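All chains, please: the whole structure from these sequences, using the hints.
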Amino acid sequence: KNEVEQSPQNLTAQEGEFITINCSYSVGISALHWLQQHPGGGIVSLFMLSSGKKKHGRLIATINIQEKHSSLHITASHPRDSAVYICAAWYQGAQKLVFGQGTRLTINP
Amino acid sequence: DAMVIQNPRYQVTQFGKPVTLSCSQTLNHNVMYWYQQKSSQAPKLLFHYYDKDFNNEADTPDNFQSRRPNTSFCFLDIRSPGLGDAAMYLCATSRDRVSYEQYFGPGTRLTVT
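Chains as they are written, first to last, in the working numbering: chain A, -9 to 99; chain B, 54 to 166.
The set of hints was computed from the structure by calculation and includes no laboratory data. Heads up, a few of these hints could be off.
[To be verified] A few chain A positions that, by computed beta-carbon distances, are all more than 10 Å from chain B:
1. Glu7
2. Ile33
3. Ser41
4. Leu49
5. Lys58
6. Arg70
7. Asp71
8. Ala73
9. Lys86
[What the hints assert, rightly or not] Listed below are several chain B residues computed to face chain A (Cβ distance under 8 Å; list not exhaustive):
10. Lys91
11. Pro96
12. Leu98
13. Phe100
14. Tyr102
15. Gly135
16. Asp138
17. Ala139
18. Leu143
19. Arg148
20. Val151
21. Gln155
22. Gly158
23. Gly160
[Unchecked claim] Under the rule of at most 27 Å between Cα atoms (straight-line distance), these lysine-lysine pairs were calculated in the DSSO-like manner:
24. B:Lys91 x A:Lys86
25. A:Lys86 x B:Lys97
26. A:Lys58 x B:Lys97
Remember, predicted model here, so these are calculated numbers, not experimental data. Here a beta-carbon is modelled for each residue, glycine too, at the ideal position from N, C-alpha and C.
Structure follows, in structure tokens:
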């Protein structure tokens, strides 16, 4: 079954803290996306990964193919990072993007 | 530069009054997708076009239709909106069916009164 599970569902932290959001998926994916959605807003693509690690500014995404697990890290978190972060996996067989439920991140000043 | 554009960003319609949402793209991608995202839920794929080939998801209600008059534009028509159709509607594109990189538009938030 094509599934994507994220944890935690909600995360509140203080400004400056190191943030980790986790995503696990089933066998059969070609790539994994990390997406950001601000309240009431559309979706912005942060990363697309099929292996290894990617970094953009304070954001880092990693994927472990054997463990079927990906993480999104935010260093030196800031209130403007407050958003919903969504993990989505492209399942090659279904040729469909399957979304996780999202992680609602709140960074307090 | 905007690559996937959705208009309007906010749409209010009355119960039962047909409404059309618009998506355009400057990427010349072959595939265009429509997703529905209800509050605090993951986006749900409604249908997609591969070129002019329309592909409906099995559980998409008949109330939802789509048109793609050319490569750049795709429309979502809701024939008789119900209160349960209030949601964010997201358009996305990809180069082709096997390309797993999707580009999302900003979404249209639909309110049904």
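Here's how the hints hold up against the structure:
1. Glu7: Glu7 (chain A) clear of chain B: closest Cβ-Cβ about 24 Å, beyond 10 Å.
2. Ile33: The assertion about Ile33 (chain A) is violated, with a minimum of 4 Å to chain B.
3. Ser41: holds (13 Å)
4. Leu49: Holds: least Cβ distance 17 Å, greater than 10 Å.
5. Lys58: holds (16 Å)
6. Arg70: It holds; Arg70 (chain A) is separated from chain B by about 18 Å at its closest Cβ, greater than 10 Å.
7. Asp71: holds (19 Å)
8. Ala73: Non-interface label stands for Ala73 (chain A): nearest chain B Cβ at 14 Å, farther than 10 Å.
9. Lys86: Violated: least Cβ distance 6 Å, not greater than 10 Å.
10. Lys91: violated (12 Å)
11. Pro96: holds (5 Å)
12. Leu98: Since chain A brings a Cβ to about 6 Å from Leu98 (chain B), closer than 8 Å, the hint holds.
13. Phe100: violated (12 Å)
14. Tyr102: With a minimum Cβ separation of about 14 Å from chain A (threshold 8 Å), the hint on Tyr102 (chain B) is violated.
15. Gly135: Violated. Min distance 22 Å.
16. Asp138: Violated. Min distance 18 Å.
17. Ala139: violated (13 Å)
18. Leu143: holds (6 Å)
19. Arg148: violated (13 Å)
20. Val151: This interface hint holds because 7 Å falls under the 8 Å limit.
21. Gln155: holds (6 Å)
22. Gly158: OK, holds: Gly158 (chain B) within 8 Å of chain A, min 6 Å.
23. Gly160: It holds, given that the least Cβ distance between Gly160 (chain B) and chain A is near 4 Å, below 8 Å.
24. B:Lys91 x A:Lys86: holds (19 Å)
25. A:Lys86 x B:Lys97: Distance of about 11 Å is within 27 Å: holds.
26. A:Lys58 x B:Lys97: holds (23 Å)
Hints 2, 9, 10, 13, 14, 15, 16, 17, 19, counting from the list given before, are not met by this structure.
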